[in-house]
Amino acid sequence: MSQNKVTIDANEAAAHAAYHTNEVIAIYPITPSSSMGELADQWAAEGKRNIWNTVPQVTEMQSEGGASGAVHGALQVGALTTTFTASQGLLLMIPNMFKIAGELTSAVFHVSARTVATHALSIFGDHSDVMATRSTGWALLASNSVQEVGDFALIAQAATLETRVPFLHFFDGFRTSAEVAKCVQLSVDEMKAMISDGLVRAHRERALSPDHPFIRGTAQNPDVFFQARERINPYYEACPGIVQKAMEKFASLTGRKYSLFDYVGPANPEKLIILMGSGAEVAHETVDFLAAKKEPVGLLKVRLYRPFSVKHFAEALPKSVKQIAVLDRTKEPGAAGEPLYADVVTAVSEGKAKGWIPAGFQPRILGGRYGLSSKEFTPAMVKAVFDEMGRADARMHFTVGIQDDVTNLSVEVDPDFSTEPAGRTRAVFYGLGSDGTVSANKSSIKIIGEETDFNAQGYFVYDSKKAGSVTISHLRFGTDPIHSSYLISKANFVACHQFSFLERFDMTRVAEPGAVFLLNSPYGPDEVWEHVPKPTQEGILRKKLRFYVIDAYKIAKEVGLDVRINTIMQTCFFAISNVLPKDEAIRYIKDYTKKSYGKRGESVLQMNYKAVDQALAQLHEVKVPAKAAGTLDMRPPVPKNAPEFVQKVTAKIIAGQGDDVPVSAFPADGTFPSATTRWEKRNIALEIPVWDPSICIQCGKCSSICPHAVIRGKVYDAALLAKAPRTFKSTDAKWKEFTGMKYTIQVSPEDCTGCSLCVQSCPAKDKKNPDKKALGMQSQPPLREAESDNWNFFLSLPNMDRNKLKVNQVKDIQLLEPLFEFSGACAGCGETPYIKLISQLFGDRMIVANATGCSSIYGGNLPTTPYTVNQDGRGPAWSNSLFEDNAEFGMGFRLAEDKKNEFAREILKALSADLGGLADGILTADQSTETGINQQRARVAELKKKLAGIQKPEAAQLAAVSDSLVKKSIWIVGGDGWAYDIGYGGLDHVIASGRNVNILVLDTEVYSNTGGQMSKATPRGAVAKFAAGGKPAPKKDLAMMAMAYTTVYVARVAFGANDAQTVKAILEAEAFSGPSVVIAYCHCIAHGYDLANGLNQQKAAVNSGYWPLLRYNPDLAKEGKNPLQLDSKAPSIPLEQYVYQETRYSMLTKSKPEQAKLLLQQAQEDVNTRWKLYEHMAVPPQDKAQS
Amino acid sequence: MDLASLYMGFRLRNPLIAASSPLTGEMDSLRRLEDAGLSAVVLPSLFEEQIEIENNRLDENLLRGTESFAEALSYFPPLDLYRFGGEDYLDLIRKAKEALRIPVIGSLNGVSTGGWIHFAVEMQDAGADALELNVYFIPTDTAVLSGTVEQMTLKLVRDIQSRLRIPVAVKLSPYFTALPNMVRRLDQAGARAVVLFNRFYQPDLDLESMSVVPGLKLSTSDELRPRLRWISILYGQTDADLAVTGGVHTAGDIAKCILAGASAAMVASALLTGGPTRASVMLRELGEWMESKGFQSVGEMKGILSHRSISEPAAYERANYMKVLGSYS
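Each protein sequence line maps, in turn, to chains B and W. So the first sequence is numbered by my numbering: it starts at 1445 and just counts up by one. So the second sequence is numbered by my numbering: it starts at 6 and just counts up by one.
In isolation and in its complexed conformation, chain W is listed as follows:
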């Protein structure tokens, strides 16, 4: 059985990639992920804010109250002993590259071009095989036009891509008015892959304190469906590779991603609950399913249930919607 898949120019031993999660932030679990069969790892997202704001905050906190009182000119051992935000991330890349044979993908989370993007180069220099750019932007200002958001994203991709030798993937939010066009333009801006979709944090309201509490729940397989739809729409309409993240929990989920047209399926929640070994079960079951269906390779499966084979996808979508609504009656 040939599970290999091509993604961003890498020949992956299978389509299952460890998505950005706490598991990919530690050497122990990174090793276990490789051992469990994952074909690449996306390291945890380094936030734009982490690079500068965190450094600033650390510095601000270390300097708080200093040079004010004769007996206590400072409150901490001096700064020289400390490494600033980002440096440990580069270290993680270096160590991961040393220890792993599978591709190591760095991840940056930002919304706009700024001084911080030089960090992409540092990630490349530290040995990252590729970079996943997680564009995490929630427009809250009514004056911001959709076109502005798109332009901002495209500029960011261009700015980063132009500085790098390694391929760049863009992880998108589902909230684009015309996603296919956006993907095409990202492709033109230099993105080698598009990853669908970002899972935004899900704030809740605390009725006791009357306040907003941040939070994020792990995904379920149900979340896969909108991703499958968009992968199947985009498949064949862009040169960028497609990947799914969010909702990949079973071998069946991986198979669905490939059938819709994805080159890779990224997994996080399932591994966080089931541990890295969950991946080996998923991969074994994927092989078994392929065998039962007579597939020899992942390549053969890719995109065969995408919209490519349908002449008028939009009409097809509406027709199916009517069908679904009907089914509840």
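So that you can see chain B by itself, here it is in the shape it has in the complex:
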């Protein structure tokens, strides 16, 4: 049978089988499973048919809980149904999983296993989510590689139909789900052959139908529940045998053989590792390597973990074994052992009792944890586990892959141990997210995978920052099967696609002796050496690397590709890596270029061809001098004056050495210091804004809109300029109140992302040259050093006394210190200006509950976090609970603050005799203004002093809660995916509660963080993932829904359209003593345009009437006024003028022009109708009475 070889990732392999063998697919985005749902949705949109020649129904739900409910329903009514999920999503499915299994329903869920959030969230892979479902009654089937994922997805589907036990098919998130590998794709015939029509009919016959009605899902009592529950046992007993049979049938069809437990190694091993998942591939490679050296080591791969078949396990278990280590990729604190370990111990014991294992079999069984949150698991670690088994004093429970200096559980690993075979190409590429390195590498894998007999593997490591993110690509090519599911640490080809990385990373560390080092360098072969930092020079010399340079940016510019260097760097790789004969490789590159760029027109194609030719012509080998030269060193990851924790821990994480940080360095409970982004100078802007004081009108718009808080204004005493650096700019302050003082706008050159929103917002034009504004972008490198000095001097200038400022004016807000700075958000992010504004206004007294999403990632992802502190050490206190519960989480903050306040007041009253007038002063304080709050703080400080001298138990109790006597500002922050979809039920409950919380909805109109999936905030006519044909339904009007309560403060704002209205709304929302919802328009990278135009788009959104600005203040109703105030004018431009500036809308005119036209028309009608309704509602009461 001819086999269709493809190079795909495991998510695609799983989706391929799942899509073809199901009819209903309910989906919800969650990393790292999202792409399975996206592919299913895409295929359905393209009309791709399943094995029954029909297009599956693919439907997005509002949460994983919703998806599992829909799946349960669809199964009950007899459709073959599936879903894809991971981590918290899987946890949300557990209630339905119990039901589905309890009802013996055939179904498969495909899970890219991901860490469940505990002390921290992690998007990466381990088995903690899967292990949390052990008690649901689902079969758990583990795949270890991309090939297996495709194969097991089908085997699971076949088996569930026969066993009636539902299957959770899982594989390691990221390591397997996102690994691109060459594998054989299942054919439709193979899939048809595996799925029995009779069993599908039986599934349908079990469905709910009024034509043969029955009831399923009864409530039962103590008399019968137990017996009825035990009734399922035969199905579970039969299940392993049926799976084994399905595997055998599969082998007969495809030639690929699997068993429930697969042993790898010599016939009579003494040491055995048992595990499942991608780690088994690593162990496989290591066992092969050691066995070749006659080491008596073996591996038992667990495929079907549940139902755990003791019999099959006993059969597969080599009886010669004296030492067993069972490795779990999960942690179950407090358990006698991790789950697989516990099962193996039980199975050995039971196997002996049953006589399947000889009674004399007495191995020592150790349990080890490895690989949590995708922690690297390498052959050296496997070897270390075998070594541990050899020790008489081996730890019964150990960890591998970390340095545990607290409980000393970790085993020693020899970093030099390697099993990588000779003759295999191992290439590591350092690039920027924006420079196309990853796509070029994906194309190289395709070229080699599809055009040659080589096996190919690619894995990509991304940065946790969204702007200027570094990508590291790990590629392997070779003739042998590739089991190496770990990062490359001994590369024979290392490429650095960005010269600026040299000062940050020593990339020669991953090179093996004699490897090739390719550098994209503005310096030619004769001059580059002195520009290379010493550690890299030494690495090149010590390892005798062959060093090549190319000026890819110069070539790109010459041939017209601007900054796209991907084709050039890809050509260099093929030219010097010798992975393929050079001419053949170049031909393939050109063919692939045609495939990728052909549609974009002849000239783009020609530019790329030229790029290939020029790359070959301008690639030079450097004659490496005999010794290191020059004084250039690498920049330290953080400055020397950073705090100790930042020096010891954060700096290592920044430098890419987080793996080396020992257990003791970390807090035990997930608590980290804030204010750390200021120490990470990422230096990612190619251009930064430069200020011209002579044009500036000092309006403060630039600093207000800056998403990264890198451009700031200060008014200060002129005398302070005496110590200013030479290039520090200043001018007279244009404030009546501050006459005689000086004013400066300063940019932090190493924190700026170069988004240019400040320049766009600048209204001050040179009268003689209207093209010139008070701010203009200029090349960063020449400005870097001087402006860094200026920035440090600027920071040393005192902040203006807040009491002297009018905080309701944008001009004055620029003088308020931002307590949210330098986040890792996308350059030009539309969300962060709102958060920064809130931090400026209320940062010293705010607690933030942050829903999972972009704002929790740029708000809380290590290594450094942006919430910071003022000079008094006060600042936002921030936490993230989950995605779905954020409103409730924040309401909990309020409940606690209110209770503590109430309790404090009670004690205060009781102690008032001891405290004199102070108690009364505190109890009656007016905290409606910042001055009032500061006065209360002073009183509370005084109170604490007094309490220390009062020897009563109440005094100590009051001291512990006295801070709650100062007003706190509770902010519940999240995106539209949370507020409109998964968290809406909670949000609704919280705003109905009447409690004083402030909810900020950062509305990007899609699930931005997971890559732009449709939410109920997505507008009609916009294309999003899961809405490839344009969203047919209108955006949910959350403002209107909240207004319907009449007791909720509601505002809809757009910073870029009307900053004054935004400020007003935020201040009113905070001042309102009940629940407030502020819905903020956030332009987003997922809208598909250069975010430098974000402010224009915000204006257009408002002017078109798409985003009417409004404030609804219930307090006004009490005064007899209309609570609803419309803050924007009637639509003045057609919707089309706004929407077609954005790819999310315009792409539909390319894909489905008729649909685009229809949806645009409907969307325009939505705008018209809604405006009329708002206008009607906003008529002042007296006018209404007259009309």
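One or more of the hints may lead you astray.
As the list claims (entries may be wrong) - Below, simulated DSS-like cross-link-like pairs (lysine-lysine); rule was C-alpha separation at most 27 Å, straight line:
1) B:K2186 x B:K2092
2) B:K2186 x B:K2211
3) W:K160 x B:K2601
4) B:K2596 x W:K102
5) W:K222 x B:K2573
6) W:K100 x B:K2594
7) B:K2601 x W:K102
8) B:K2543 x B:K2460
9) B:K2460 x B:K2594
10) W:K100 x B:K2596
11) B:K2054 x B:K1890
12) B:K2092 x B:K2038
13) W:K222 x B:K2601
14) B:K2594 x W:K102
15) B:K2054 x W:K160
16) B:K2594 x B:K2480
17) B:K1689 x B:K1449
Calculated from the structure, these hints are not laboratory results.
Chain B is already provided as a structure; the job is to place chain W on it using the hints.
Chain W alone, transformed into the frame defined by chain B:
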């Protein structure tokens, strides 16, 4: 009454052609234009920039931010689902050819020879009966010589014409120093017709934002006059057919075009304001006027008020100018 006119080798049922406008970009209005009596349609101009730059921009926007962040390796459904700029244009030609009996003329707007001109062939293959090449170039560089602009235009026409079987018309700007010579050379380069004149967009200055705002106002009958002058000068001096575009609003305007020597009058603004049915009124009134003047056919009218009948056209022009100036005194 015989309203038929020969234009680019087509026997048109009358001389009124729908010029390139949003109305010719949609099947509904194309059908209505045919029903209203228009004798041919020029589809909206596909800009050189649209073909490649728009594709590039779309691609750039779709790729923006991709492969940078582990949770969001892309932000849109994949490219394969999308058709690139130009493809819908070809579709429009195909659909128009299927639905209409009158000639369908494709329109390309460009200034210089480049990779994009292969699109002319694709338009031909999609079924376009003819191609109108809209040469839209505003020289802003003081170093560019008038001869260079002319050569660039001629090369473009030659390059396109040599690739096509279908006839090519060239829509020109009024800003040529020696228009008759330019037209002759275009004729020699293979142009089957010359369309006078292109209406450039008319930028305005916004005093509030202190910026330039692009814009285009609909034409009025007043704009017809310079076109009539040049048609009447060119008539009989070139083998290329002549057509007027810009300022054709009434039956009288059509008649003037024919009398000056045009084979066709193209209309857009009048139809955009009055709807396609405006054309049927214009054609009916044209017939009525011809009848009142005793014309049996458009052929008889063509060029009878052109400069051909005048011995020294240049002198005639200057003399008339003096007369006109005098009339204001």
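Evaluated hints:
This hinted pair does not check out: B:K2186 and B:K2092 have alpha carbons roughly 39 Å apart, beyond 27 Å. Pair hint B:K2186 plus B:K2211 holds up; C-alpha atoms about 23 Å apart against a cutoff of 27 Å. Of the pairs offered as hints, the one joining W:K160 and B:K2601 is violated, with about 38 Å between alpha carbons and a cut-off of 27 Å exceeded. Our distance criterion of 27 Å between C-alpha atoms is met by B:K2596 and W:K102, whose separation comes to about 21 Å.
Straight-line distance between C-alpha atoms of W:K222 and B:K2573 comes to about 26 Å, which keeps the hinted pair within the 27 Å bound. In summary, the hint linking W:K100 to B:K2594 is supported, as the alpha carbons are separated by about 16 Å, within the 27 Å threshold. For the hint linking B:K2601 to W:K102, the alpha-carbon distance of about 22 Å falls within 27 Å, and the restraint holds. Our distance criterion of 27 Å between C-alpha atoms is met by B:K2543 and B:K2460, whose separation comes to about 23 Å.
For the proposed pair B:K2460 and B:K2594, the alpha carbon gap of about 24 Å is at most 27 Å, so the pair holds. Straight-line distance between C-alpha atoms of W:K100 and B:K2596 comes to about 15 Å, which keeps the hinted pair within the 27 Å bound. Of the supplied pair hints, the one linking B:K2054 and B:K1890 holds, its CA atoms being roughly 22 Å apart against a limit of 27 Å. Distance hint between B:K2092 and B:K2038 is unfulfilled; the C-alpha atoms sit about 50 Å from each other, more than 27 Å.
Under the criterion of a C-alpha separation no larger than 27 Å, the hint pairing W:K222 with B:K2601 is consistent with the structure, at around 24 Å. For the hint pairing B:K2594 with W:K102, the CA-to-CA distance comes to about 21 Å; that is within 27 Å, so the pair holds. Proposed proximity of B:K2054 and W:K160 is supported: the alpha carbons are some 25 Å apart, at most 27 Å. Taken as a hint, the B:K2594 and B:K2480 pair is honoured in the structure, with Cα atoms around 26 Å apart against an allowance of 27 Å.
Distance hint between B:K1689 and B:K1449 is fulfilled; the C-alpha atoms sit about 26 Å from each other, no more than 27 Å.
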